[in-house]
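Peer 1: Chains as they are written, first to last, in full-length UniProt numbering: chain A, 1 to 403; chain B, 1 to 403; chain C, 1 to 403; chain D, 1 to 403.
Derived from the structure by calculation, the hints contain no laboratory data. Think of the CB as a built atom: it goes at the ideal place given N, C-alpha and C, for glycine as much as any other residue. Any given hint could turn out to be false.
Now the stretches of chain C that chain A is said to cover, found in silico as 3 or more residues with beta-carbon under 8 Å [said to hold, decoys possible]:
{"hint": "1", "segment": "239-251"}
{"hint": "2", "segment": "280-292"}
Below 27 Å or equal to it, Euclidean Cα-Cα: the simulated DSSO-like pairs (lysine-lysine) are [stated by the list, open to error]:
{"hint": "3", "chain 1": "D", "residue 1": "LYS44", "chain 2": "D", "residue 2": "LYS181"}
{"hint": "4", "chain 1": "A", "residue 1": "LYS181", "chain 2": "B", "residue 2": "LYS292"}
{"hint": "5", "chain 1": "B", "residue 1": "LYS3", "chain 2": "C", "residue 2": "LYS44"}
{"hint": "6", "chain 1": "D", "residue 1": "LYS44", "chain 2": "A", "residue 2": "LYS3"}
{"hint": "7", "chain 1": "D", "residue 1": "LYS181", "chain 2": "A", "residue 2": "LYS44"}
{"hint": "8", "chain 1": "B", "residue 1": "LYS44", "chain 2": "B", "residue 2": "LYS181"}
{"hint": "9", "chain 1": "D", "residue 1": "LYS3", "chain 2": "A", "residue 2": "LYS3"}
{"hint": "10", "chain 1": "C", "residue 1": "LYS292", "chain 2": "D", "residue 2": "LYS127"}
{"hint": "11", "chain 1": "A", "residue 1": "LYS347", "chain 2": "A", "residue 2": "LYS3"}
{"hint": "12", "chain 1": "A", "residue 1": "LYS44", "chain 2": "A", "residue 2": "LYS181"}
{"hint": "13", "chain 1": "C", "residue 1": "LYS347", "chain 2": "C", "residue 2": "LYS3"}
{"hint": "14", "chain 1": "D", "residue 1": "LYS292", "chain 2": "C", "residue 2": "LYS181"}
{"hint": "15", "chain 1": "D", "residue 1": "LYS292", "chain 2": "D", "residue 2": "LYS127"}
{"hint": "16", "chain 1": "C", "residue 1": "LYS292", "chain 2": "A", "residue 2": "LYS292"}
{"hint": "17", "chain 1": "C", "residue 1": "LYS44", "chain 2": "B", "residue 2": "LYS44"}
{"hint": "18", "chain 1": "D", "residue 1": "LYS292", "chain 2": "B", "residue 2": "LYS292"}
{"hint": "19", "chain 1": "B", "residue 1": "LYS347", "chain 2": "B", "residue 2": "LYS127"}
{"hint": "20", "chain 1": "B", "residue 1": "LYS3", "chain 2": "C", "residue 2": "LYS3"}
{"hint": "21", "chain 1": "B", "residue 1": "LYS181", "chain 2": "A", "residue 2": "LYS292"}
{"hint": "22", "chain 1": "D", "residue 1": "LYS3", "chain 2": "D", "residue 2": "LYS292"}
{"hint": "23", "chain 1": "A", "residue 1": "LYS347", "chain 2": "A", "residue 2": "LYS127"}
{"hint": "24", "chain 1": "C", "residue 1": "LYS127", "chain 2": "C", "residue 2": "LYS347"}
{"hint": "25", "chain 1": "C", "residue 1": "LYS347", "chain 2": "C", "residue 2": "LYS181"}
Output of the computed footprint for chain C on chain B, the stretches with three or more beta carbons under 8 Å from beta carbons of chain C [said to hold, decoys possible]:
{"hint": "26", "segment": "88-100"}
{"hint": "27", "segment": "113-122"}
{"hint": "28", "segment": "278-287"}
{"hint": "29", "segment": "346-359"}
There are 4 protein chains.
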Amino acid sequence: MRKLRMGMVGGGEGSFIGAVHRRAAALDGQIELVAGALSSTPEKARRSGRALGLSEERNYASWEEMLEGELALPEEERIDFVSIVTPNHMHFPVARAFVEAGFDVVCDKPLVHTSEQALELVHAVEKAGTIFCVTYNYTGYPMVKQARHMVRSGMLGEVRKVIVEYSQGWLVRRLEEAGDKQARWRTDPALAGAAGAMGDIGSHAENLVATVTGLEISAVCADLTTFVEGRRLDDDGNLIVRYEGGAKGVMISSQISTGEENNLSLRIYGTEGGLQWRQEEPNHLLFAPFGKPLQILRRGNPYLCEEARRATRLPAGHPEAFIEAFANLYLEAAAAIRARREGRIPKRPPDFPTVRDGARGVHFIEKVVESSRSERKWTEARWETPQPENARASASAPPGRER
Amino acid sequence: MRKLRMGMVGGGEGSFIGAVHRRAAALDGQIELVAGALSSTPEKARRSGRALGLSEERNYASWEEMLEGELALPEEERIDFVSIVTPNHMHFPVARAFVEAGFDVVCDKPLVHTSEQALELVHAVEKAGTIFCVTYNYTGYPMVKQARHMVRSGMLGEVRKVIVEYSQGWLVRRLEEAGDKQARWRTDPALAGAAGAMGDIGSHAENLVATVTGLEISAVCADLTTFVEGRRLDDDGNLIVRYEGGAKGVMISSQISTGEENNLSLRIYGTEGGLQWRQEEPNHLLFAPFGKPLQILRRGNPYLCEEARRATRLPAGHPEAFIEAFANLYLEAAAAIRARREGRIPKRPPDFPTVRDGARGVHFIEKVVESSRSERKWTEARWETPQPENARASASAPPGRER
Amino acid sequence: MRKLRMGMVGGGEGSFIGAVHRRAAALDGQIELVAGALSSTPEKARRSGRALGLSEERNYASWEEMLEGELALPEEERIDFVSIVTPNHMHFPVARAFVEAGFDVVCDKPLVHTSEQALELVHAVEKAGTIFCVTYNYTGYPMVKQARHMVRSGMLGEVRKVIVEYSQGWLVRRLEEAGDKQARWRTDPALAGAAGAMGDIGSHAENLVATVTGLEISAVCADLTTFVEGRRLDDDGNLIVRYEGGAKGVMISSQISTGEENNLSLRIYGTEGGLQWRQEEPNHLLFAPFGKPLQILRRGNPYLCEEARRATRLPAGHPEAFIEAFANLYLEAAAAIRARREGRIPKRPPDFPTVRDGARGVHFIEKVVESSRSERKWTEARWETPQPENARASASAPPGRER
Amino acid sequence: MRKLRMGMVGGGEGSFIGAVHRRAAALDGQIELVAGALSSTPEKARRSGRALGLSEERNYASWEEMLEGELALPEEERIDFVSIVTPNHMHFPVARAFVEAGFDVVCDKPLVHTSEQALELVHAVEKAGTIFCVTYNYTGYPMVKQARHMVRSGMLGEVRKVIVEYSQGWLVRRLEEAGDKQARWRTDPALAGAAGAMGDIGSHAENLVATVTGLEISAVCADLTTFVEGRRLDDDGNLIVRYEGGAKGVMISSQISTGEENNLSLRIYGTEGGLQWRQEEPNHLLFAPFGKPLQILRRGNPYLCEEARRATRLPAGHPEAFIEAFANLYLEAAAAIRARREGRIPKRPPDFPTVRDGARGVHFIEKVVESSRSERKWTEARWETPQPENARASASAPPGRER
């Protein structure tokens, strides 16, 4: 099996997430990094590429050069897909350009800054027919897939309540003024977008609930706060949520929760059972069937669902963690990309977050920000699934008129 | 040291909390049960009293008889205090009558049904000068006292965020129709008051935050839900909260969270540290000093504060639990009662929740119910500390007029 | 129901276990302390009794006086049983005397110093037909009863391996020289017996395994150590164990394990499942059925066995702990004592450790000490169940001679 | 930085550990697999190599061919090192041959079958001056490095007691007869060596203690058991241990502990503090400084030692696990290999287990087996560090005789 050729935009020196993507892509020996435009600063881009062993010709100074350079190559040498790991503000232009040029894309979250951009990107992807994976990486954990299976197959009965939280403490102090690159761009609205903690990590919380439960948010009531003086975006947010069909929920997102490291936790309570999963101990899933002993389901066991078993590399008790979950997204995307290359219908639907998941996430952030500024309790937050562009066009087109 | 004589109203056959109060009172050998009106049904009252070994003369058929009977005894035989463990609706008349007759009182929570009743009771207690302890029993845990000490002495810096939750799952099904006495009265507005889960257990959450942090709620935004069809009170509630001074918070109260047993948990995040305590593992307190290893403080150790050490009976590792915490309230109330009997000023202020804590709790419940019905996001919920009655009178009296 | 009258020997000022026994006895309102000889120092005995509110006449200066004084009372005023909570060396003379005088006894562990004493006491008890409960208190925990039920009813299949440990750290330093009374007598062979940590806490480990599994030790291989210089008894011990029928095991007992508080833990591995229980979190029991998710069984739930449910006072999630477990021994002993008083056969066999359990524990300690001094790997350690005295007599009697 | 070229012996279809090694080697983008002899069955070797994308010329049918083939290549194309991941019995011939040909080696554990082989290999490596890393992978965990740092720098005071356990449950049933390849070779003395569970996982326990504490075993007393009928090697073992200098210990190794997955746990008790680490939750390290609150040290924090921080890829709270720990060995070996290639002295001593660690492990297994068969309690088990070959020769050589 040949390795897929990956190009990378962003992720150079000092980047956190770029190295994660590279490790995730490398882990299973199916993908190799062959090209990059690793920084917006050409100097740094080149230096970063050399450190990673990129060949001189494909160690590009900018993403535009990379797009051009790759298109100039014969198709069988060209990158198979691009991985976009820049700060948020660059996702949109880079993703759109590569999609429109027909490349498959893996893109970090949140997808883009605005719902308008999101919609445009959805349409671009659907028009191009390309693969587009948004790295809501936590959904790659096997036990998250198991949770999804259990909720979707009715083992919890009807879901009544969902508590999700993503609490961190690394922004307790004003790190962005202390030269911390990660802190700086995440607290800069021009780079991060309209929300801080809510965009950076609240977006994962939203996606996790949606992925596992399939519940659609109908309304939110949010209180975003900037605790650290001088910070320009929220560093804390508390939400109460209503879901279509009557379920209720709480969402917590914080980067000033002292002592918390990366506490993404999900609890789901249904009429027949409850579930709990914590990212910091990701190999376990707690299941409380009504009236029976609590169960701890553990990764790597034959009693798990097929999706959870397939997403596993090691036997039970040999813990897997963050990078493996991330790599699961790459594996799923790679399978889809291979199928497209080979003109095959994949045997099973690929299991990764798509551009539509990304677009819904952008909508969510917008609604949370809107609610936080509102004096009304509830901000209607239902997400209208984007219509395929021609569907919309024809829907709004006067009857009898051709298109 | 002579044992204090306790009378009990409520707590007869089938009661849960009555037996808890009796065990808590008996544990340390300082209190003996000598009189009771253990049920509102005279038959049952007498039968319950006999089972507990009450003497025939003091095994009363009703609380009114008990009040009369005890007053008829010489003072040195009379009960030292009455413990009120009836369903909520009886707290007010019974407590008021005993207070006005000069008896010290231990009363279960929530204190009464309405703020008006609460205010009246506060004034009655303060006029009578009697001891009045409200059994917010969770504040009796040594590690809660330790948490309070740490927050109040500044070890967390400025508190920014408080997450408190009290989640149970025992009302997932409609138990109240299945003959469960505990479920029945707690879901009956005439007996329980205006709120269900929020009154029964949300009130503990409010008290726990107030006790540990001293923070005052300025506004609440609540979403109460009745999930179980036909139930007449909320069985679930989610709140976002604002505190005076800028701290924010989340409060969760639920009795339909499948798999949860008695999950009262408190997390506090300050500028210098974080704290976490869980009632189900009450001998531990997690402390996360900023930038340092997480600490687990364990009950029974010399490094704890004086209040926590005093509230402890067993060496470290020999777990204490619910009844001991409850008994700590009785011990503290007993010390205050003894001091009053002996006309002494206690050496240190007694450490138990007072009638004013109870009144604030009633106010809280009212505001949560009001907010849940409101379309506005924030319901102002600040609690105005009751003025001493004569202070209020003189304040409102026309100038120049004597009182 | 009248309260049983308890007398206490030992447990005065500065005692740890005396106060525990009193609380355990008081908790359920079935027992009252009416007499005591609370210290071997008459002064202290009287002072301790006064502090506990004993009447002058029954606040005895010595256990001999107490025995005499109580026998002088009319039977309906006399104590129903005596609780012996002295340092170990006094268990034998006091217990024998009270037993021979026909009193029921609750006695702390280890039972006595030598197997000879143990045998004598077994015979005395069986001759007198009195109730004798040895407070191996950890067997009073509901989840220990549940574990016993599960092993005994075959849910683990055949037991292959047992790991038990009782690790403490309180004797890391030479506390006995620092005025610590608890440390002093426990490290004094004249008072504690032939073993230190192994006698004080290893004996609990032995009893826990025997109670839960019913396995009989066939041989031990022990390494006892005195780590703290100048200490006169072992403060640490490691054993490998063979059980009748082929199971193997490890036993660890230590009082120098820095950071451990009271870590009594039991793990049992069978052909069909595994179990784990930890005293420091006593409300949980882990059960690993072969090939299925791990289960957490929690106290207070209807799915538990009858013995575990009966030994419970509070609903699930309202934690019970050390004192309740201890009180369960008193409740069971009290039921047996009442039945004997009333000449009834109890409806079900009483569930507390008997004098025979105590005797087996003494044998175990002796064998461990013997093994530790031996150069052979295995010391045969099977316990020969004592024969009823007359059985033995007749067995050894010359044929043809009547008895 | 160019990637190191890795060849692999073993690890073809159906292998567990081969894939782990490949992922560990790939993770950090510093190593590429370029050659392999992936099975002892030529067919299978070739098929496995094709699946991994090896070029035809370097997809060898046997390790002998690979050795020959690589030697035939110009040095700048030749593999930089070989990774040996066969069943145990092949370690010795393959490792010796590659070492003698001057190749650096990464080899799985246990190193070889006998102490004689081990000694021969030690001498071969030292004579060749090559790099030789034995993949005791658990020592690659950052928190194990932190534990080592804390013990070695005296934070625990003098170590008194060490409890180590490696408990699994996967061989509860006779899997080796059910077609499980992993079970089959591990229970076959010809392939696995003289011990089963003790060799497979007990060897990790031994290495973990030695790595963290530096303690040297002076004597062992072992009880190995084969619980599963028909199995040919031990599937369970319990040891008591004495260390040079007076520390004592317990070692447990089991593959029949139902419900255990991969429970490698280490506890160390010293005069000033205690430590606990569990492989299944590897990002935490518990530290109990005498008389102070328990601490949880968490991976990824600046308060950790340099070695632990260097061995970390992700921020705190983003869990790392088994593969990362494994990859740390590869990174350290790679650094040493690069330094040797470049004729440099590495800036710091490499941090991976060497051939001598492997040899000590083989000695340990032998002594445990010897002890288990002995009737004496203690089997002297001190490991004599191998003398450099010429040192020994000259030491034993008659004076005046040249060599």
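Peer 1: Hint by hint, say whether it matches the structure.
Peer 2: Here is how each hint holds up against the structure:
1. 239-251: This one is violated; 0 residues, fewer than the three required, reach chain A with a Cβ under 8 Å.
2. 280-292: holds (count 3)
3. D:LYS44 to D:LYS181: Distance ~14 Å between LYS44 (chain D) and LYS181 (chain D) Cα, so the pair holds.
4. A:LYS181 to B:LYS292: This hinted pair holds, its Cα atoms lying about 22 Å apart.
5. B:LYS3 to C:LYS44: Status holds; Cα separation ~21 Å.
6. D:LYS44 to A:LYS3: Measuring from Cα to Cα gives roughly 21 Å; hence the hint holds.
7. D:LYS181 to A:LYS44: 50 Å, violated
8. B:LYS44 to B:LYS181: 14 Å, holds
9. D:LYS3 to A:LYS3: 17 Å, holds
10. C:LYS292 to D:LYS127: 52 Å, violated
11. A:LYS347 to A:LYS3: 20 Å, holds
12. A:LYS44 to A:LYS181: Satisfied, since the Cα-Cα distance of roughly 14 Å is no more than 27 Å.
13. C:LYS347 to C:LYS3: 20 Å, holds
14. D:LYS292 to C:LYS181: Cα-Cα ~22 Å, so holds.
15. D:LYS292 to D:LYS127: 50 Å, violated
16. C:LYS292 to A:LYS292: Holds - the C-alpha atoms of LYS292 (chain A) and LYS292 (chain C) are around 14 Å apart, at most 27 Å.
17. C:LYS44 to B:LYS44: Violated. LYS44 (chain C) to LYS44 (chain B) sits at ~46 Å, over the 27 Å cutoff.
18. D:LYS292 to B:LYS292: Distance of about 14 Å is within 27 Å: holds.
19. B:LYS347 to B:LYS127: 23 Å, holds
20. B:LYS3 to C:LYS3: The hint holds at about 17 Å.
21. B:LYS181 to A:LYS292: Status holds; Cα separation ~22 Å.
22. D:LYS3 to D:LYS292: With Cα atoms ~48 Å apart, LYS3 (chain D) and LYS292 (chain D) exceed 27 Å; violated.
23. A:LYS347 to A:LYS127: 23 Å, holds
24. C:LYS127 to C:LYS347: Cα-Cα ~23 Å, so holds.
25. C:LYS347 to C:LYS181: Distance of about 42 Å is beyond 27 Å: violated.
26. 88-100: violated (count 0)
27. 113-122: Contact hint for the segment 113-122 of chain B vs chain C: violated, 0 residues under 8 Å.
28. 278-287: holds (count 5)
29. 346-359: Contact hint for the segment 346-359 of chain B vs chain C: violated, 0 residues under 8 Å.
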